[in-house]
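Here the protein sequences line up with chains A and B, keeping their order. If you read the first sequence in our numbering, its first letter stands for residue 1, the second for the next number, and so on. If you read the second sequence in our numbering, its first letter stands for residue 1, the second for the next number, and so on.
A portion of the hints provided could be inaccurate.
These stretches of chain B come out as covered by chain A in the derived footprint (C-beta under 8 Å, 3 or more residues) [unchecked claim]: (1) 15 to 21; (2) 32 to 42; (3) 52 to 63; (4) 71 to 82; (5) 139 to 148; (6) 232 to 242.
Simulated from the structure, these hints should not be mistaken for lab results. Positions of the beta carbon are idealized from the N, C-alpha and C atoms, including for glycine.
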Amino acid sequence: MHIPDGILPVSVAAAGFAGAGAVTWLSLRRIERTYPDPRAGVPRASLLTAVFFMASLVHVPVPPASVHLVLSGLMGVVLGWFAIPAILVGLFLQAVMFQHGGLTMLGVNACIIGLPALLANRVFALRRLLPARLATPGSAALAFLASFAAIAVGAAAAALLIVSTVPAHLDAAAERAATFTLLAAHVPLGVIEGVVTALVVLFLRRVDPGLLGEPRR
Amino acid sequence: MIARANPEAVRESSLTRWETRAKLIGLLCLVFAFASVRDTRLLAPMVLLSLAVFGLSALPARHLLSRLKVPGVFLVALAVVLPLFSGETVLAEAGPVALRLEGTLAFLSVAARFFSIVTLATVLFGTTPMPTLVRAMRSLGLPALLGDILLFTYRYIFQLAEDLHRARVAARLRGARFGSIRSVSTTAHIIGSLLVRSNWQAERVLAAMLLRGYGSARSLEVRRAPVARDVAALALCLALAAVFVLSPALIG
Chain A
1 MHIPDGILPV SVAAAGFAGA GAVTWLSLRR IERTYPDPRA GVPRASLLTA
51 VFFMASLVHV PVPPASVHLV LSGLMGVVLG WFAIPAILVG LFLQAVMFQH
101 GGLTMLGVNA CIIGLPALLA NRVFALRRLL PARLATPGSA ALAFLASFAA
151 IAVGAAAAAL LIVSTVPAHL DAAAERAATF TLLAAHVPLG VIEGVVTALV
201 VLFLRRVDPG LLGEPRR
Chain B
1 MIARANPEAV RESSLTRWET RAKLIGLLCL VFAFASVRDT RLLAPMVLLS
51 LAVFGLSALP ARHLLSRLKV PGVFLVALAV VLPLFSGETV LAEAGPVALR
101 LEGTLAFLSV AARFFSIVTL ATVLFGTTPM PTLVRAMRSL GLPALLGDIL
151 LFTYRYIFQL AEDLHRARVA ARLRGARFGS IRSVSTTAHI IGSLLVRSNW
201 QAERVLAAML LRGYGSARSL EVRRAPVARD VAALALCLAL AAVFVLSPAL
251 IG
């Protein structure tokens with residue numbers, strides 16, 4: 001899902017930076033309003049960003065190949081509005097340290113991974129509407145759905161951007177086939193991310209529910 | 001194990017001596033100018049210029065090669081799709097497979113931009129320590145919260161890499177097999193326990209940081225002001241970037 005440097009036109013890169021700038025500004029404003037001292041949240045957000053950064057390097061086998069986790073859904077679920085600066089920082093470090101994504105594509109990648117993370121956060125927040133007896137299975141189901149949706153929306157955005165802007169003379173049938181192939185390749189990743197997120201949410205509910213914004217036992 | 005953004009032993013060069021803010025602005029302007037190149041006549045000068053900058057940096061060639069490896073996979077996929085499926089002018093044909101001119105040119109254009117941008121990015125981050133770079137970005141207007149998260153994340157990545165490695169070794173010793181699809185559950189529990197431990201650690205880190213005066217203005221100061229040589233190098237970069245952006249319109 002990380003689009004590398006040099007693939008998309010500079011106008012798309014500029015639009016990506018404008019979009020990422022606007023979303024980051026909005027998230028920083030929300031963080032300032034939500035937390036009495038936003039800088040007190042920095043160590044927590046940084047450590048969790050580092051965990052996500054490391055976890056995204058873990059390869060999970062999907063026969064006959066393997067995929068690396070993106071974890072945008074889990075970031076949205078755990079970090080809320082902090083997910084946007086955390087994803088921006090994570091993408092910057094991935095671009096700098098491994099060339100996953102790229103500097104000119106930082107804004108575009110932040111939009112196609114960050115916005116679905118916020119969507120995942122809203123989907124997961126629906127658990128508050130569930131009755132108490134359904135809280136645990138409902139949280140796991142919503143975590144799966146939130147994470148799957150984050151991957152699906154991000155992959156669809158990346159596929160549409162690449163196919164509609166890269167090839168100069170690709171015919172419509174080839175364009176549709178390429179979009180479908182890119183989307184289909186992300187279905188196993190979406191399922192695996194959904195399962196991982198659901199399992200992590202169940203683990204956190206048992207061990208430290210405070211990380212999910214729930215009262216600590 | 002993960003590698004740092006800049007190699008352990010960076011040799012002294014004109015790029016390491018260049019004032020960080022001027023270097024950041026100059027090289028990023030060149031990067032975005034390269035990203036805008038669509039004229040095939042500019043591809044060779046662009047690649048040569050990026051190689052010249054890399055030469056000035058005195059970074060080892062294997063450092064650049066290691067940076068090109070991961071995104072190179074994406075480029076290989078484009079190398080198949082574009083020349084074979086994009087365009088109408090057939091250059092060569094073998095049975096049902098045809099090499100097309102437009103697709104080949106589009107691929108060469110993408111590959112040259114990709115190589116040049118990655119090379120300049122490697123030079124920028126390979127010749128500047130991360131804390132110095134973040135300080136320069138802060139003085140150029142990066143929000144404090146983003147700068148702090150960036151620095152702390154970079155600081156803890158290496159410690160967490162060790163923790164993750166230890167957790168995976170421990171799981172393997174207890175019989176977990178990471179080569180199978182069943183490892184998803186083990187992976188999820190490792191991620192969960194890393195999140196919990198890091199959250200607890202964050203509370204102690206915050207207390208220690210506040211005791212050391214976290215947030216004081218002194219830590220944000222830029223350590224060196226640009227001199228004439230730094231400004232001249234920046235002006236040269238801006239002029240070259242302008243040439244790459246404007247030349248297609250000027251030469252027609």
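Okay, the hints, checked on the actual structure:
Counting residues of the stretch 15 to 21 of chain B whose CB lies closer than 8 Å to any CB of chain A gives 0, which falls below the minimum of 3, so the coverage claim is violated. Coverage of a stretch by a chain is defined here by at least three residues with a beta carbon nearer than 8 Å to that chain's beta carbons; for the stretch 32 to 42 of chain B and chain A the count is 5, and the condition holds. For the stretch 52 to 63 of chain B, the assignment as covered by chain A is violated, since 0 residues bring a beta-carbon within under 8 Å of that chain's beta-carbons and 3 are needed. Given as covered by chain A, the stretch 71 to 82 of chain B passes the check, having 6 residues with a CB less than 8 Å from a CB of that chain where 3 are the minimum.
Counting residues of the stretch 139 to 148 of chain B whose beta carbon lies closer than 8 Å to any beta carbon of chain A gives 5, which reaches the threshold of three, so the coverage claim holds. A count of 0 residues in the stretch 232 to 242 of chain B with a Cβ less than 8 Å from any Cβ of chain A is obtained; the coverage claim is therefore unmet, three being the minimum.
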